[in-house]
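Peer 1: Chains as they are written, first to last, in my numbering: chain H, 1 to 132; chain E, 1 to 318.
Any given hint might turn out to be false.
[Unchecked claim] Quick list of the computed label-pair ranges, beta carbon to beta carbon:
1) 18/H with 124/E: 20 to 26 Å
2) 161/E with 82/H: 39 to 45 Å
3) 63/H with 98/E: 43 to 49 Å
4) 81/H with 247/E: 56 to 62 Å
[Claimed, not checked] Derived SDA-like pairs: lysine to any residue, alpha-carbon spacing no greater than 20 Å straight-line:
5) 92/E with 70/E
6) 100/H with 261/E
7) 100/H with 113/E
8) 124/E with 147/E
9) 92/E with 72/E
10) 100/H with 266/E
11) 63/H with 86/H
12) 100/H with 265/E
13) 63/H with 28/H
14) 100/H with 260/E
15) 129/E with 93/E
16) 63/H with 34/H
17) 100/H with 268/E
18) 100/H with 89/H
19) 100/H with 262/E
20) 100/H with 79/H
21) 100/H with 273/E
22) 100/H with 124/E
23) 100/H with 108/E
24) 94/E with 147/E
25) 128/E with 83/E
26) 129/E with 86/E
27) 100/H with 117/E
28) 124/E with 113/E
29) 100/H with 267/E
30) 94/E with 110/E
31) 76/H with 30/H
32) 92/E with 117/E
33) 100/H with 93/E
34) 76/H with 87/H
35) 94/E with 109/E
Keep in mind that the hints were calculated from the coordinates and are not lab data. Every residue gets a Cβ at the ideal spot worked out from N, C-alpha and C, and that includes glycine.
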Amino acid sequence: MFDDSRPIFMQLADRIADDILRGTYAEEEQVPSTNELAAYLRINPATAGKALNRLVDAGILYKRRGIGMFVSGGAKALIEGERQQGFVQHYIAPLLAEAKNLGLDTADIIRLIEQAEAAPTPAARPDREPAS
Amino acid sequence: MTAVIETRGLTRSYRGQAALEDVTLDIEQGVITGLLGRNGAGKTTLMSLITAQDRPSSGIVRVNGTEPFEHAEAIEQMCFVRDNQRYPDDYKLKHAIRAAAIFYPNWSQPLADRLVELFRIPTKPIIKKFSRGQLSALGIVLGLASRSPITFFDEPYLGLDATARHIFYDELLADYAEHPRTIILSTHLIDEMDRLLERVIVLDRGRVLRHADVEELRGGAYQLAGRATAVDGFASGRTVLSRRAIGALATVVVEGRLTAEDRAAAAEAGLDVATVSLQELVAAYGLGDSLGGDTGTDTGSGTREPVDRDMHSERSGS
């Protein structure tokens with residue numbers, strides 16, 4: 001569920017963002033509280049709180065005093081924008097590095113992408129951050 | 001954050017052997033702190049000194065600003081569950097529960113009853129006949145139901161099966177969420193318990209190596225593997241915590257975080273980079289000076305993150 005590459009609060013924040021992208025939490029819907037997340041995931045409440053606050057700081061969640069945390073209007077677009085920026089760093093850059101190792105140039109890569117698109121092979125979804 | 005426990009230059013020697021040496025810590029109120037380190041690192045000694053079950057050779061302990069030794073009001077605020085807790089010979093479960101209910105001002109009988117049920121602690125036999133796991137479960141019941149403002153658990157999981165350990169983690173988090181308090185627990189099961197913690201103290205040979213947020217330590221070291229010359233070249237000037245080699249190949253654990261440029265340089269040098277779990281990091285710290293050589297010196301070259309907001313946890317020079 002969590003790995004050792006990054007602090008858990010960051011991983012949890014990304015997971016909640018994933019859930020918003022997939023529509024598990026709709027915009028203006030309430031998300032679980034710090035204590036609910038902590039109990040469910042067996043993590044320290046401070047860690048869960050940090051994850052929620054990170055999303056509040058990013059404008060993805062907002063607080064309603066005395067009630068809880070809610071998904072902001074426009075949160076989905078916000079996350080998509082952020083993820084597209086990350087796409088270069090997390091997917092394109094490692095792709096280029098490996099291509100260089102294999103002696104593939106950009107034209108080769110494009111050809112391979114087109115081939116893969118034409119005949120998709122079921123691939124494991126890569127981690128958002130390279131494991132190495 | 002306010003420090004509920006302060007130690008200043010805390011030292012405890014037994015027959016000239018220092019079990020704890022010059023330990024200066026501020027432990028924050030309302031935080032779950034893990035006490036990590038090898039056997040003999042001084043974890044139990046530190047907990048005994050804070051709870052006034054032992055006296056320091058030198059240095060000071062303060063709990064809520066007062067020295068706890070022979071101060072009932074400070075001692076009443078604390079519950080220390082020892083891993084080898086002793087009970088009077090004729091005690092059964094109900095006697096231990098009754099005694100705890102009298103002793104701890106915040107005792108919760110409903111919680112105690114529920115936990116006894118969950119852990120299936122037997123009521124008939126005397127505690128002396130309990131198995132290791134039953135003894136641990138009883139300690140957990142007393143520690144949690146005491147709802148002491150400061151609660152210490154010394155390796156509370158000994159002999160517990162996986163189900164019972166998960167009950168402990170769930171109950172600890174649930175009761176802590178409802179009744180926030182200061183909890184300090186020593187553990188070797190770091191992979192299993194690190195998520196319960198907010199802060200960690202890493203002890204080695206009686207000294208504090210690190211006192212930091214667990215989240216700052218997670219990912220606070222990495223492993224490099226490849227040709228020994230390339231590994232050592234990359235590691236030179238960085239803080240190497242452990243090194244293993246076979247033939248021309250070497251693997252090192254390096255303290256710090258990799259920048260994007262570091263990653264690129266490592267890839268360029270043909271090195272494999274892997275993450276290091278908190279458990280592996282603590283194990284590497286436990287190797288201490290056995291590393292030798294000159295790669296282990298902290299040159300302060302800026303590769304280290306400012307891991308500590310308290311100042312007192314700088315690694316003692318290696």
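Peer 1: Holds or violated: are the alpha carbons of residue 100/H and residue 262/E at most 20 Å from each other?
Peer 2: holds, 18 Å
Peer 1: Take the C-alpha atoms of residue 94/E and residue 110/E, compute the straight-line distance between them, and say whether it is at most 20 Å.
Peer 2: holds, 14 Å
Peer 1: For the pair supplied as a hint, residue 100/H and residue 268/E, confirm whether the alpha-carbon distance does not exceed 20 Å.
Peer 2: At roughly 11 Å apart (the allowed maximum being 20 Å), residue 268/E and residue 100/H satisfy the hint.
Peer 1: Can you confirm whether the C-alpha distance between residue 92/E and residue 70/E stays at or below 20 Å?
Peer 2: Outside the cut-off at roughly 29 Å; violated.
Peer 1: Check whether the Cα positions of residue 129/E and residue 93/E lie no farther apart than 20 Å.
Peer 2: Within the cut-off at roughly 11 Å; holds.
Peer 1: Run the distance test for residue 100/H versus residue 117/E: straight-line Cα separation, threshold 20 Å.
Peer 2: Given that 20 Å is the threshold and the Cα spacing comes to 62 Å, the pair is violated.
Peer 1: For the pair we were handed, residue 63/H and residue 34/H, check the Cα-Cα distance against 20 Å.
Peer 2: The hint holds at about 12 Å.
Peer 1: Go ahead and decide if the range 39 to 45 Å is satisfied by the Cβ distance of residue 161/E to residue 82/H.
Peer 2: holds, 43 Å
Peer 1: Need the status of pair residue 100/H, residue 273/E: alpha-carbon distance at most 20 Å?
Peer 2: holds, 18 Å
Peer 1: Hey, residue 92/E versus residue 117/E, does the alpha-carbon distance stay inside 20 Å?
Peer 2: holds, 15 Å
Peer 1: Is residue 92/E close enough to residue 72/E, meaning Cα to Cα at most 20 Å?
Peer 2: violated, 27 Å
Peer 1: Please verify whether residue 94/E and residue 109/E have alpha carbons no more than 20 Å apart.
Peer 2: holds, 12 Å
In summary, the numbered hints that this structure violates are 1, 4, 5, 7, 8, 9, 11, 20, 22, 23, 27, 33.
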